[in-house]
Structure formats: structure tokens, C-alpha cells
Amino acid sequence: MPAAQNPSPLDTSPIFKQALASEQVSAQSGRKVWWRCEKGHEWKAPVSNRSRRGHKCPYCANRSKRLGSVAEERPNLLEEWDYEKNENAPQNCSARSNKKVWWKCSVCGHERQTSPDNRFCGSGCPVCARKQRRISFVNT
10 MPAAQNPSPL DTSPIFKQAL ASEQVSAQSG RKVWWRCEKG HEWKAPVSNR SRRGHKCPYC
70 ANRSKRLGSV AEERPNLLEE WDYEKNENAP QNCSARSNKK VWWKCSVCGH ERQTSPDNRF
130 CGSGCPVCAR KQRRISFVNT
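Heads up: the sequence shown begins at 10 in the working numbering, then just goes up one per residue.
Some hints could be false.
Listed below are the simulated DSS-like cross-link pairs for lysine-lysine, each with C-alpha atoms no more than 30 Å apart in a straight line [to be verified]:
{"hint": "1", "residue 1": "Lys140", "residue 2": "Lys113"}
{"hint": "2", "residue 1": "Lys109", "residue 2": "Lys94"}
{"hint": "3", "residue 1": "Lys94", "residue 2": "Lys48"}
{"hint": "4", "residue 1": "Lys108", "residue 2": "Lys65"}
{"hint": "5", "residue 1": "Lys108", "residue 2": "Lys48"}
{"hint": "6", "residue 1": "Lys48", "residue 2": "Lys65"}
{"hint": "7", "residue 1": "Lys41", "residue 2": "Lys65"}
{"hint": "8", "residue 1": "Lys65", "residue 2": "Lys113"}
{"hint": "9", "residue 1": "Lys53", "residue 2": "Lys140"}
{"hint": "10", "residue 1": "Lys113", "residue 2": "Lys48"}
{"hint": "11", "residue 1": "Lys94", "residue 2": "Lys53"}
{"hint": "12", "residue 1": "Lys113", "residue 2": "Lys94"}
{"hint": "13", "residue 1": "Lys109", "residue 2": "Lys41"}
{"hint": "14", "residue 1": "Lys65", "residue 2": "Lys53"}
Derived by calculation from the structure, the hints in this document are not laboratory data.
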């Protein structure tokens, strides 16, 4: 059937995250790519799951355990979330996302990009860490 009569999800869906044209990826491809639904959920799945099997967002379909947002999982990080530079609110960003977002240190004001997953795993401000190492070195 011609593509105009039977469009693939890659042609019609705004949720495909990668900048790939449908000609670059076969509908039967097992290649895993990132997807985003209209509600902002993100997941990794093979192209064939969407094109041949018609799978939709696993979160909307209740097929996957929902990951908590930054706001839900790490409320202590909210004061360092850069509300001016980030497009999304922390309530709409998964705490375990690897997508970089902006943070502003509440101590020194240093602005940086790192993923919520890095922050979730304990990554702090690199400027404050360097200052602390210098203070420790001087005091030894």
C-alpha cells in the first residue's frame, strides 16, 4: 500500500524523538529508539513495536511502572531546578531521565546542565566540590 494511504508512525507521529526520516529506518527494524507521547512520557522501544505491532505509550497503556518525577522523587532538588532555562517543570520530568536539564546551585549560583539521573545518584555542584577539596587540602 502506498505511504500516503497507509502512513507509518514515523511519518505521522510527532512523538518520534530522533531526527530520522522514515526512509532511514525500516518499519520492521528491531532498532531501539526513544519515543515521546503527547503526555510527555518517554520510553525506548524497537521501531517494529510501533509500526507492525501498533504498540503505543506503555505508561498510558498501564504496561509499565510509572517512574516518579523529579518533584515526587527528589523534592530536595527543587530549589536548584532552573525554572527559567528548562522548558518543562520538574513535575513533568522523570527523576531517572538521562536527558540533560539546567540546574542552579543554591549555594554558589553556578549554572550547569546534567541529567536528573545524575542528580538522583548524588551528583552535586562541581564548583562547590572543588572549593571543598581546596579547603580540605589547605587544612591538612
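To see whether the hints hold, each was checked on the structure:
1. For the hint pairing Lys140 with Lys113, the CA-to-CA distance comes to about 16 Å; that is within 30 Å, so the pair holds.
2. Note on Lys109 and Lys94: the hinted pairing holds, with a Cα-Cα distance of about 12 Å set against a maximum of 30 Å.
3. The straight-line distance between the Cα atoms of Lys94 and Lys48 is roughly 21 Å, inside the 30 Å bound, and the hint therefore holds.
4. Under the criterion of a C-alpha separation no larger than 30 Å, the hint pairing Lys108 with Lys65 is consistent with the structure, at around 21 Å.
5. Using a Cα cut-off of 30 Å, the hinted pair Lys108 and Lys48 holds, with the two alpha carbons roughly 17 Å apart.
6. A threshold of 30 Å between alpha carbons decides the hint, and for Lys48 with Lys65 the separation of about 12 Å falls inside it, so the pair holds.
7. For the suggested pair Lys41 and Lys65, the alpha carbons sit about 14 Å apart, so the restraint of at most 30 Å is met.
8. Simply put, Lys65 and Lys113 have alpha-carbon atoms about 35 Å apart, too far for the 30 Å limit, and the pair is violated.
9. Annotation: proposed proximity of Lys53 to Lys140 is violated, straight-line Cα distance about 39 Å (limit 30 Å).
10. As the CA atoms of Lys113 and Lys48 are separated by approximately 27 Å, the hinted pair is consistent with the 30 Å bound.
11. Among the hinted pairs, Lys94 with Lys53 is consistent with the structure: their alpha-carbon atoms are about 26 Å apart, no more than 30 Å.
12. The suggested pairing of Lys113 with Lys94 holds, with an alpha-carbon distance near 10 Å, which does not exceed 30 Å.
13. Among the hinted pairs, Lys109 with Lys41 is consistent with the structure: their alpha-carbon atoms are about 20 Å apart, no more than 30 Å.
14. Under the criterion of a C-alpha separation no larger than 30 Å, the hint pairing Lys65 with Lys53 is consistent with the structure, at around 11 Å.
When the structure is compared with the earlier hints, violations turn up for hints 8 and 9 and for no others.
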